[in-house]
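> So the chains spell out like this:
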Amino acid sequence: MWKTPFPVRPGNRFTVHLLSLFAFTAAFTFNLSGQQNEAAGNPESTQALRQRIEQLEAEVRSLRALETEVSGLKAQLQTLTAAGQPGLLVRENNAAATQEQASAAQESMPMHPEELNMPRLQIRGFADVGWSGSDQTGSTNSFALGQYNLFITSRLTDRASFLAETVLEADSKNEFGIDPQRLLLIYTVNDALNFSFGRYHTGIGFYNTAYHHSAFMQTTLGRPFLFQFEDGGGILPIHNVGVSVTGVLSNAVGLHYLAEIGNGRSTRTALGVSPVQNAVSEHNGKAFNLGLYFRPPIVTGLQLGATGYHDHLTPVVLVGGVPTRIPNVSEDIIAAHIVYQSPRFEFLNEGVLMRHQSDGSPVVVNIPGFYSQISNRWGRYRPYFRYEYLQVPVNDPLYADVGLIHGPHAGLRFDLSEMSAFKVEYGRNLSRSPKAVNTLGMQFSFAF
Amino acid sequence: MKMMPTKRICLLMIAAGCLFAVPLLAKAQAAARASESDDIAVLVNASNSTSHLSLLELRAVLLGERRYWKNHVPITIVLREPGSRERQIILAKVLGMDDAAFKAHWKKKLFRGEASSEPITISSKSLILQYLDTNPGAVTFLAGNNSRGGDVKVIAIDTRMPGLPSYPFR
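One line per chain: the protein sequences are A and B, in this order.
Just so it is clear: in the first sequence, position 157 is 157 by my numbering, and no numbers are missing.
Just so it is clear: in the second sequence, position 164 is 164 by my numbering, and no numbers are missing.
Among the hints, a few may not be true.
Facing chain A, according to a computed beta carbon distance under 7 angstroms, are these residues of chain B, among others [as the list claims (entries may be wrong)]:
id, residue
1, T50
2, S54
3, A60
4, R66
5, R67
6, K70
7, E81
8, A101
9, F111
10, M161
Across the chosen pairs, the derived CB separations fall in these ranges [as the list claims (entries may be wrong)]:
id, chain 1, residue 1, chain 2, residue 2, range
11, A, V364, B, R160, 48 to 54 angstroms
12, B, R160, A, R50, 38 to 44 angstroms
13, B, S47, A, E175, 54 to 60 angstroms
14, A, I298, B, L164, 20 to 26 angstroms
15, A, R380, B, K125, 30 to 36 angstroms
16, B, D99, A, I123, 22 to 28 angstroms
Everything labelled a hint here was simulated from the structure, so no lab data went into it.
Glycine is no exception: its CB is placed at the ideal position from the N, C-alpha and C atoms.
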């Protein structure tokens, strides 16, 4: 006969239900207890709590230090009042209120919303000093002052801001000159439309808009020759005066564009004219530059893109000391880049093709150039290596004197602090000349 | 068979079960609240129409690649002081950066003219909330138990709100 653990009678059904309810309650609470024990025993939560306690203790210490400072200032105030300075008597009489107001002001002063939304001028500076030498015949080794750069920004409104990069620099005659290398009014409509009016770095490739007139902000001692400044012998139109429009076409894929129109580069520097047409253009035509580049959000630090630049130049050269017009030259510059930069590692690659065609001539002169630069940071040390190449054919109407330049540069950057760095670099420059030139340079660069 | 002893036993067992369950339930709720308070919430002004961001969108905001909300209000990033838990976690989990790398990134942005100002640093949580109250474009990151109050709202990240086990900033 089937036996039950206990006789199942009508009265016992109640017992069964009650026992079931108890079993369910016990099972539920035991399960919950297990989860809590798991959470309570979670080392991450314990660690987070410890960190929070340490934070709070640090805040209490700083508040106590501030209280001590305020007490000291109050004592000084009382001393000055005792010395008979009437202006302070009022403050002495309201010392308690003053201290309270001072505390409140201290709390609110830097944080006042109106103050935070007002124009804010900031001046930062960059400078460098160095030494360089080479085995080129006729050259001398020299200590040199680099570019003394005053970098000024001011947020005028939520959408308008001002940027200026004013550089003092000595030339080959040891004379100092002052140049507003960048002078821009920037107006932002939204993420897709940003206007910059004034003098800017032409958006050709990557290096020219990433690095400006600060040796501290770039990894290497000097710029790639391809992107050398005009007054340093560079062949690209590094600076332009006009309007630059940039924006984001797609946040999802990180697609950006740029469109620029400006005076372009002067080709009358033989007459002593500045290579950058700051105020007067040589001709009515304008230079145009268009570009697209990607900064994919899934790979922070990666950028790849291409730009196309066009200008129509009206060169004047000296022939026997006499200024002579030569045929106008159509100039096209196509550039492509792929770069990756992280806090520790960088790999920069750019290629440029400059094409010159004189009006009325079927001959197109191609000027190729590229550089590749790699570096990695170990602690404060960042060794780097760059190889660069630029070839200007002998039949180029404008820059034939540049010829062929290529070779490696290897160096080491040591970050002395967040605001200063020491660099040492060796370079070997090869050209059409049979003898290569070896260079050695050292530089202290800093921000202030 | 006598009913009384059995009933008595059952009632005693129910009472014991309830006594056992109630404090454990209370502890469980407290644990859930503590977990939510550890989470770092992303806060914006209540007038901001944005209610959620993906992690990639938040990354674009913190890197300065995205400078405007959808309603064309400029974004102002407000962070706690360097070394604070909120700042460290957000920079590590969203950008994979430490504070030095983050500062260097923004210095470059300013130098290139791609930004007009750096993110604001405020050490006091009450002042952060005060700033958020009055600046429609501000966005900040605060641990959950200090984020309530004022004219601010919490936005979801990858459709997850603070307190959920899968919330990314905990």
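> Determine for every hint whether it applies to the structure shown.
Hint by hint, here is what the structure shows:
Restraint check, T50(B) versus chain A: the minimum CB separation of about 13 angstroms is more than 7 angstroms; hint violated. About 9 angstroms separates the beta-carbon of S54(B) from the nearest beta-carbon of chain A, more than 7 angstroms, and the hint is not met. For A60(B), the interface hint holds, since its Cβ comes within 7 angstroms of a Cβ in chain A; the closest pair sits about 6 angstroms apart. Annotation: R66(B) was flagged as interfacial toward chain A, and the flag holds, the nearest CB pair being 6 angstroms apart, inside 7 angstroms.
Interface restraint check: R67(B) against chain A, minimum CB-CB distance 6 angstroms, threshold 7 angstroms, status holds. With a cut of 7 angstroms, the hint placing K70(B) at the interface with chain A is violated, because the nearest CB-to-CB distance is about 10 angstroms. A cut of 7 angstroms between beta carbons decides the hint on E81(B): the least distance to chain A is about 10 angstroms, and the hint is violated. At its closest, the beta carbon of A101(B) sits 4 angstroms from a beta carbon of chain A; the interface hint therefore holds under the 7 angstroms criterion.
Given hint, F111(B) at the interface with chain A, holds; its Cβ is 6 angstroms from that chain's nearest Cβ, closer than 7 angstroms. Checking M161(B) against chain A by beta carbon gives a least distance of about 19 angstroms; that is not within 7 angstroms, so the hint is violated. Take V364(A) and R160(B): their Cβ atoms lie about 58 angstroms apart, and the range 48 to 54 angstroms is violated. For the hinted restraint 38 to 44 angstroms between R160(B) and R50(A), the CB-CB distance of approximately 26 angstroms leaves it violated.
One distance hint, 54 to 60 angstroms for the beta-carbon pair S47(B) and E175(A), holds here, with the actual separation near 57 angstroms. Our hint of 20 to 26 angstroms for I298(A) and L164(B) holds, since their Cβ atoms are close to 24 angstroms apart. Distance hint check: the CB atoms of R380(A) and K125(B) are about 34 angstroms apart, consistent with the given range 30 to 36 angstroms. Separated by about 24 angstroms at the C-beta atoms, D99(B) and I123(A) satisfy the suggested range of 22 to 28 angstroms.
The structure fails hints 1, 2, 6, 7, 10, 11 and 12 (numbered hints given earlier, in ascending order).
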